[in-house]
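Novice: So you can see what is in the structure, the chains are spelled out below.
Protein chains: 2
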Amino acid sequence: MTTADSLDDSFHVFDTTLRDGAQREGINLTVADKLAIARHLDDFGVGFIEGGWPGANPRDTEFFSRVQKEVTFRNAQLVAFGATRRPGARAADDPQVRALVESGAPVVTLVAKSHDRHVELALRTTLDENVAMVRDTVSYLREQGRRVFVDCEHFFDGYRANPEYAKAVVRAASEAGADVVILCDTNGGMLPARIQAVVATVLADTGARLGIHAQDDTGCAVANTLAAVDAGATHVQCTANGYGERVGNANLFPVVAALELKYGKKVLPEGSLREMTRISHAIAEVVNLTPSTHQPYVGVSAFAHKAGLHASAIKVDPDLYQHIDPELVGNRIRMLVSDMAGRASIELKGKELGVELGDDRELVGRVVDRVKERELRGYTYEAADASFELLLREEAEGRARRYFRVESWRAIVEDRPDGTHANEATVKLWAKGERIVATAEGNGPVNALDRALRVGLERIYPQLAKLELLDYKVRILEGTHGTESTTRVLITTGDGAGSGEDWSTVGVAENVIAASWQALEDAYTYGLLRAGVEPTE
Amino acid sequence: MTTADSLDDSFHVFDTTLRDGAQREGINLTVADKLAIARHLDDFGVGFIEGGWPGANPRDTEFFSRVQKEVTFRNAQLVAFGATRRPGARAADDPQVRALVESGAPVVTLVAKSHDRHVELALRTTLDENVAMVRDTVSYLREQGRRVFVDCEHFFDGYRANPEYAKAVVRAASEAGADVVILCDTNGGMLPARIQAVVATVLADTGARLGIHAQDDTGCAVANTLAAVDAGATHVQCTANGYGERVGNANLFPVVAALELKYGKKVLPEGSLREMTRISHAIAEVVNLTPSTHQPYVGVSAFAHKAGLHASAIKVDPDLYQHIDPELVGNRIRMLVSDMAGRASIELKGKELGVELGDDRELVGRVVDRVKERELRGYTYEAADASFELLLREEAEGRARRYFRVESWRAIVEDRPDGTHANEATVKLWAKGERIVATAEGNGPVNALDRALRVGLERIYPQLAKLELLDYKVRILEGTHGTESTTRVLITTGDGAGSGEDWSTVGVAENVIAASWQALEDAYTYGLLRAGVEPTE
Chain A
1 MTTADSLDDS FHVFDTTLRD GAQREGINLT VADKLAIARH LDDFGVGFIE GGWPGANPRD
61 TEFFSRVQKE VTFRNAQLVA FGATRRPGAR AADDPQVRAL VESGAPVVTL VAKSHDRHVE
121 LALRTTLDEN VAMVRDTVSY LREQGRRVFV DCEHFFDGYR ANPEYAKAVV RAASEAGADV
181 VILCDTNGGM LPARIQAVVA TVLADTGARL GIHAQDDTGC AVANTLAAVD AGATHVQCTA
241 NGYGERVGNA NLFPVVAALE LKYGKKVLPE GSLREMTRIS HAIAEVVNLT PSTHQPYVGV
301 SAFAHKAGLH ASAIKVDPDL YQHIDPELVG NRIRMLVSDM AGRASIELKG KELGVELGDD
361 RELVGRVVDR VKERELRGYT YEAADASFEL LLREEAEGRA RRYFRVESWR AIVEDRPDGT
421 HANEATVKLW AKGERIVATA EGNGPVNALD RALRVGLERI YPQLAKLELL DYKVRILEGT
481 HGTESTTRVL ITTGDGAGSG EDWSTVGVAE NVIAASWQAL EDAYTYGLLR AGVEPTE
Chain B
1 MTTADSLDDS FHVFDTTLRD GAQREGINLT VADKLAIARH LDDFGVGFIE GGWPGANPRD
61 TEFFSRVQKE VTFRNAQLVA FGATRRPGAR AADDPQVRAL VESGAPVVTL VAKSHDRHVE
121 LALRTTLDEN VAMVRDTVSY LREQGRRVFV DCEHFFDGYR ANPEYAKAVV RAASEAGADV
181 VILCDTNGGM LPARIQAVVA TVLADTGARL GIHAQDDTGC AVANTLAAVD AGATHVQCTA
241 NGYGERVGNA NLFPVVAALE LKYGKKVLPE GSLREMTRIS HAIAEVVNLT PSTHQPYVGV
301 SAFAHKAGLH ASAIKVDPDL YQHIDPELVG NRIRMLVSDM AGRASIELKG KELGVELGDD
361 RELVGRVVDR VKERELRGYT YEAADASFEL LLREEAEGRA RRYFRVESWR AIVEDRPDGT
421 HANEATVKLW AKGERIVATA EGNGPVNALD RALRVGLERI YPQLAKLELL DYKVRILEGT
481 HGTESTTRVL ITTGDGAGSG EDWSTVGVAE NVIAASWQAL EDAYTYGLLR AGVEPTE
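Those protein sequence lines, which keep their order, are chains A and B.
Be aware that the first sequence starts at 1, since it is given in UniProt numbering, and climbs by one per residue.
Be aware that the second sequence starts at 1, since it is given in UniProt numbering, and climbs by one per residue.
One thing to keep in mind: the hints can contain errors.
Which copy is meant is left open, because identical chains are indistinguishable; a pair holds if it fits in one copy or across any two.
Distance condition first, Cα-Cα at most 25 Å in a straight line; then the derived SDA-like pairs of lysine to any residue [claimed, not checked]: (1) LYS349 / GLU458; (2) LYS372 / SER65; (3) LYS372 / GLY55; (4) LYS473 / PRO291; (5) LYS473 / GLU164; (6) LYS432 / ARG405; (7) LYS349 / PRO58.
In short, the hints are calculated from the structure, not lab data.
Note that the coordinates shown come from a computational prediction; the quantities given were computed from them, not determined experimentally.
Given only the sequences and the hints, what does the whole structure look like? Please build it.
Specialist: As structure tokens, then:
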């Protein structure tokens, strides 16, 4: 098993998606989202996960409490972010500093001012007091047994304005016991040549261990991060998919890919890089942003080739036309006007699911056509394995697996004069030759439909009782006419046994209720198939 | 008037959006699109516009014919792209080369192989013949009075494999009369340090005038372009918004912004940079891609600030928190409202919206509290400006703006035995002392509610007739219990006048229909407020 020990401490991959990444416009993370992202980041193998600012808001405080109870990290250490003590007070008496200790995180990143004008205008204190604030707070946290990193905010702008003062802050942090001092290009205006020169000078002049935190305002955050490493930085702060304030932060994925594949530097546990594409997309899913199709290394277009000039040469030697083997990062080559990739992946998928497709090229072709036709209408099978397996079995076995037939259903949502809502659904079904009419209420129309379906079927299929809807996602496709768009619903269902073997189903329709119903039907059909029940219809 | 003469020939901004940019997955340009983009690029002030490959396809041939009749360039020169002659033939006899001359473009970019293995595997000729092909084709085009640039394809990979051969191709091109030899990182796998070293060496060894063409596969195309300039390249090839094959090309906008604002190098006509945001969005509009919100310099988020921490200091001195004045690139600062925000950002936002909060600290405190409380329940105001403004006005004016009161509503979705769906909604409202009951059908329950609301109100508020729902987004929050989660809906509404002034509203409830209803209520209330209608309730 990969453990945190498999990589030594000499180089740090530090992720701040949950803190700085959450500053991105359009991201609004719940505690559950933060826990899910932390699990993905740890799976990926980053060394440090900065979880937020405990004490600054109830959500971050709750995250620190829950993550330590609910998540066992295999690779990462948990980091709390906070500020140096207030001017004129003792660190031990500062409630914000105490909250960092009380968070229980073994590592603390302190943000410190290193730009003289920021000290005066934003902190409204003297330059000397700011240095004392850094020294005191680091010392106090070290006494409390915490490992301390110090983020020098606005370092590069500060260095231009007053290099001696900026370096004095680095020295104070390092001398007080900070393990790494991170030079931050907070406003993101730097270019690589300047980053490299400043990091080299500060390293020579202070001897402190240095890290880099780059923002992407010039479109150079990845290059700036690598330039700092070239100059001797041994700690890189990044965010998944480059999420962050304004344009964003240095993107974790191209940074680690460059270090591993271009520098030949081992910065992740063995095998992690091959999970990169999956992890990138999974995190995008949690924050509810469409994964960028054109993201370096992990975008679906990153290894896509338009047919033409070099199509034939790619067949001879693909390495002539790609800078790395896409499998190294869990991505794949795509030929944009060829269904060869489609056939191959369907054959592979059939093998993976244990559905025998044999050498039946016609059958595979039928599946390819049906998937293409449905994806054109908005279905996505990448995220709906169970719906895909049902489709595959239907084609392979010549008929759909059916446990019930739907005659009709109805959902009513009513907003009453007292402000409460009534949600009621009725389903009319046939199962084992019997006509079933069932009605149920719920906290919404989909929930009411779900309950009515169970109420109707549970006597005939008691296996349904333990199934549980775990996740429900809605995406509006082609939003050019508002509510007249197509709606896609993805539902994740579990067997309630905590086996961790969930399955996902998809529905697409002109409205959210009809799309949800399709995904529900597939979810229960697959649940029964999975439980070994024989189809009856 | 700005003319091409206002910038000398010592540095070239060369745009290849219409040729290499069009290789992007998802872009498919008509001749009219290409003409429109060419106009925008010339307005912006690039020195060269590569229009395509005349003779390679009818569209590009037609473009070259029409652009010279229909467009008068103020700044740019038109460039035709093509390949060196075929092996074993005369350049003058090669129809592909003749098509370049016949295109009428005063400048030709020739693509040449400079990687030995590509010569052997893709061209299937000898290394010497390839050099002869470069020399002959350049000489022939020079005799025909054309200015010639040579793109050395796969140069950096070729240089790694066989540096002497790669340089021999550069020399042959330069000696035959090519004005600029462009070193291309065709597979995009390079990092800035390597680019800089190779460009410096080739420049010293060949004495040719060099250009750079970078692809973004490592996320470093902008930095790679600048690294080449640092090493002495005086010609940069870019595409608008970084469009291009796979991940994309070096993005024109951050490249020229860095050169003008960071290097202090005049590469565009006076005043052009201030048009950059507009031009970037206009080109995205033509190619039918949503402008990237997080693009450096020109994205709508590029100067958006979220954190409360920064907001208080931004009031004191905005330059402390932005790397450039956004007006320099035609963009603007935006304050986002979120639960991380404090009083300062609410005050700034009030100012931006023209709602006077004055020095009423208690009022601002009330707004902050209400925003925090609502964001905890799942509302998000950073993406719902109109809902925020309604909230702000309600607190500032002591009462909500109301144009109607809702007694109750009901939505019914019915799946009928024939497989069709019926969606029907009824609303019961009061407006101007009158009780209104209205029913409508739609293609989904939200659409039916939207129509019922309009049917009911349009007689009293004819202004509602022209409002249009433009976008509809659903997000499930805290998805731990599937359909029992909270649902957030964001709706974007426009006034149908094509003014581009849309507004967004938010609703949060235990189910998607109730959440949509809230967002619809806010959308119409804001639409009436915006139209100057006096509240009646």
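Novice: If the cutoff is 25 Å on CA atoms, where do LYS349 and GLU458 land: within, between, both or neither? Let me know, please.
Specialist: The answer is neither: 32 Å in one copy and 54 Å across copies each exceed 25 Å.
Novice: How would you classify LYS473 and GLU164 at a CA-CA limit of 25 Å: within, between, both, or neither?
Specialist: neither (53 Å within a copy, 51 Å between copies)
Novice: How would you label the pair LYS349, PRO58 (within, between, both, or neither) given a Cα cut-off of 25 Å?
Specialist: between (44 Å within a copy, 24 Å between copies)
Novice: Quick one: LYS372 to GLY55, C-alpha cut-off 25 Å, is that within a copy, between copies, both, or neither?
Specialist: between (50 Å within a copy, 15 Å between copies)
Novice: Between copies, within a copy, both or neither: which fits LYS473 and PRO291 at Cα up to 25 Å?
Specialist: both (15 Å within a copy, 16 Å between copies)
Novice: How do LYS372 and SER65 come out at 25 Å by Cα distance, when the copy is not named: within, between, both, or neither?
Specialist: Classified as between; 21 Å across copies, 46 Å inside a copy.
Novice: I want to check one pair: LYS432 and ARG405. Are their C-alpha atoms no more than 25 Å apart within a copy, between two copies, both, or neither?
Specialist: For LYS432 and ARG405, the Cα distance is within 25 Å only inside one copy (9 Å; across copies 50 Å).
Hint violations for this structure: numbers 1, 5, all remaining hints satisfied.
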